Amino acid sequence: MIWLNGRLVAREQAHIDPADRGLLLGDGLFETLRAYRGHVFKPEEHLQRMAVGAAELAIPLPLDPPSIADAVRETLEANQLAAADAAIRITLTRGPGQRGLLPPEDPLPTLIVSAAAYQAPPSVDGFIAVTAKRARRNEKSLTARIKSLCYLDNVVAQTEAAAAGADEAVMLNNQDAVACGGRSNLFAVIDGTLRTPRIDDGALPGITRHAVLGLCKSEDVPAAESPIAGLELLAATEMFVTNSLIGIMPVRRFDGGELPVGPVTKRLAEAYAGLTP
Numbered sequence: 003m004i005w006l007n008g009r010l011v012a013r014e015q016a017h018i019d020p021a022d023r024g025l026l027l028g029d030g031l032f033e034t035l036r037a038y039r040g041h042v043f044k045p046e047e048h049l050q051r052m053a054v055g056a057a058e059l060a061i062p063l064p065l066d067p068p069s070i071a072d073a074v075r076e077t078l079e080a081n082q083l084a085a086a087d088a089a090i091r092i093t094l095t096r097g098p099g100q101r102g103l104l105p106p107e108d109p110l111p112t113l114i115v116s117a118a119a120y121q122a123p124p125s126v127d128g129f130i131a132v133t134a135k136r137a138r139r140n141e142k143s144l145t146a147r148i149k150s151l152c153y154l155d156n157v158v159a160q161t162e163a164a165a166a167g168a169d170e171a172v173m174l175n176n177q178d179a180v181a182c183g184g185r186s187n188l189f190a191v192i193d194g195t196l197r198t199p200r201i202d203d204g205a206l207p208g209i210t211r212h213a214v215l216g217l218c219k220s221e222d223v224p225a226a227e228s229p230i231a232g233l234e235l236l237a238a239t240e241m242f243v244t245n246s247l248i249g250i251m252p253v254r255r256f257d258g259g260e261l262p263v264g265p266v267t268k269r270l271a272e273a274y275a276g277l278t279p
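If you read the sequence shown in the numbering used here, its first letter stands for residue 3, the second for the next number, and so on.
Since the hints were made in silico from the structure, they are not lab data.
All of these numbers come straight from a predicted model, not from anything done at the bench.
Mixed in with the good hints there might be a few duds.
[Unchecked claim] Each computed SDA-like pair below joins lysine to any residue, with the alpha-carbon atoms no more than 20 Å apart:
#1 K268 x P123
#2 K44 x P279
#3 K268 x R255
#4 K219 x T195
#5 K268 x L247
#6 K135 x G259
#7 K44 x L25
#8 K219 x A273
#9 K268 x P252
#10 K142 x D202
Turn these sequences into a full structure, and let the hints guide you.
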């Protein structure tokens, strides 16, 4: 069952207008959330990020954030996931429109909530990561700062990583600095400091990224949001990636070099586990 524009429907009976701009132009946003035993992790932060992105794109939210949170709970219950670990996706599009690029004057947004049983990644002991060669992150673009449906660069990067036998792609920006992972934010211990790219470098303002930076303060872990040249990653002594589904995932091999799961990664992973329901 999925929640579509105000009601629960069977997936095979769900219909999207062929003129929906999310389908035709990627004109929309999405959020991916994790539920632990039925408890959704940081829903307010996810919905706030969606609201900010919708305002940037001038897409009206058809429901206020608390009502969207209710839709998430309804969707979990309808899929017998009310007490389970689950992956949740909220998708918002501008809705159908006329031909061409200009948005309709009075949009009728499409809002979809779906949920599935959570499946841990096969590489639970750590990811293999490679630097993407074909896809770049445009750090100057609005779409680098919001969770846009325009994810083709990430698709290309992840496809390249998979072809190389890797779990994650490290995406560089137009200045040859690290921006993010294909589906994650990236952290690396370099010269004793945990570093992560700035939002201005093309990093998405990730919910888990924000939580980890908060943990660095409470755990007295030296950390900095700063530009990281692509070559600097080769000097990292630890590396991990984050997103809402995987939490903190160590990187055990990067561009062919082995990396240990070091003390900083272990300490923060343990602290992060204490945040989850």
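Hints versus structure:
1. Simply put, K268 and P123 have alpha-carbon atoms about 18 Å apart, close enough for the 20 Å limit, and the pair holds.
2. Distance restraint check for K44 and P279: the Cα-Cα separation of roughly 10 Å lies within the 20 Å cut-off, and the hinted pair is therefore satisfied.
3. Note on K268 and R255: the hinted pairing holds, with a Cα-Cα distance of about 16 Å set against a maximum of 20 Å.
4. Between K219 and T195, the direct Cα distance comes to roughly 13 Å. Compliance with the 20 Å bound is thereby established for this hinted pair.
5. As the CA atoms of K268 and L247 are separated by approximately 18 Å, the hinted pair is consistent with the 20 Å bound.
6. Between K135 and G259 the alpha-carbon distance is near 17 Å, which keeps this suggested pair within the 20 Å criterion.
7. Pair hint K44 plus L25 does not hold up; C-alpha atoms about 28 Å apart against a cutoff of 20 Å.
8. With a C-alpha separation of about 12 Å, the suggested pairing of K219 with A273 holds against the 20 Å cut-off.
9. Proximity of K268 to P252 is assessed by CA-CA distance (about 9 Å); at most 20 Å being required, the pair is judged to hold.
10. The straight-line distance between the Cα atoms of K142 and D202 is roughly 8 Å, inside the 20 Å bound, and the hint therefore holds.
The earlier numbered hint that this structure contradicts is number 7, and it is the only one.
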